[in-house]
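Visitor: Sequence:
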Amino acid sequence: MSDCMKEVCRLLDIKQNATTPYHPMCNGLVERFHATLKTCLRRLCSEQPREWHRYINPLLFTYREVPQESTHFAPFELLYGRTVRGPMHILRELWTKDIGEPEVKTIYEYVLNLRERLDDTLKIAHEELEKAQGRQKHNYDRTSKCRKFSVGEKGFSPAADGFE
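Each residue of the sequence shown is one higher than the one before, starting from 1 at the first, in full-length UniProt numbering.
No lab work stands behind these hints: they were computed from the structure. Note that beta-carbon positions come from the ideal geometry of N, C-alpha and C, so glycine has one too.
With beta-carbon atoms standing in for the labels, derived distance ranges:
{"id": "1", "residue 1": "R135", "residue 2": "F61", "range": "22 to 30 angstroms"}
{"id": "2", "residue 1": "F33", "residue 2": "T143", "range": "22 to 30 angstroms"}
{"id": "3", "residue 1": "G155", "residue 2": "V8", "range": "41 to 49 angstroms"}
Using the sequences provided together with the hints, build the complete structure.
Guide: So, in structure tokens, the structure goes:
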């Protein structure tokens with residue numbers, strides 16, 4: 001990683017995780033996104049599979065503007081502090097002639113307002129994410145079984161293979 005990126009990560013308090021190449025299980029969230037992307041591409045490109053590359057940008061835009069089930073916010077909104085103005089939003093404004101006057105603010109007021117919106121949005125997103133994780137844990141615990149072992153009982157541990 002370049003010195004510039006290291007400094008950006010340090011300033012933004014970003015912890016970078018390295019993963020093992022060709023070991024997809026290390027990066028579960030990314031792999032889940034790839035599965036979602038592939039599913040959407042398969043559905044969009046069913047008639048012309050060789051044209052899949054034409055759908056990537058619109059598909060990514062759509063993914064980023066749709067609220068996620070766990071946070072109830074779109075990734076775009078969490079990143080930029082506002083909802084995205086996509087093609088449908090712009091068309092709706094043109095059809096209804098609902099184009100309001102732009103709000104005049106100083107840069108300082110805009111930054112303070114943006115910071116406040118981002119703080120509020122992230123706080124709510126964290127709360128919703130904790131609720132979603134609680135629901136997921138509850139659903140997992142319903143079907144999982146607690147296994148109890150007693151001292152001296154033989155078992156199998158792949159991690160202990162070769163160790164005595």
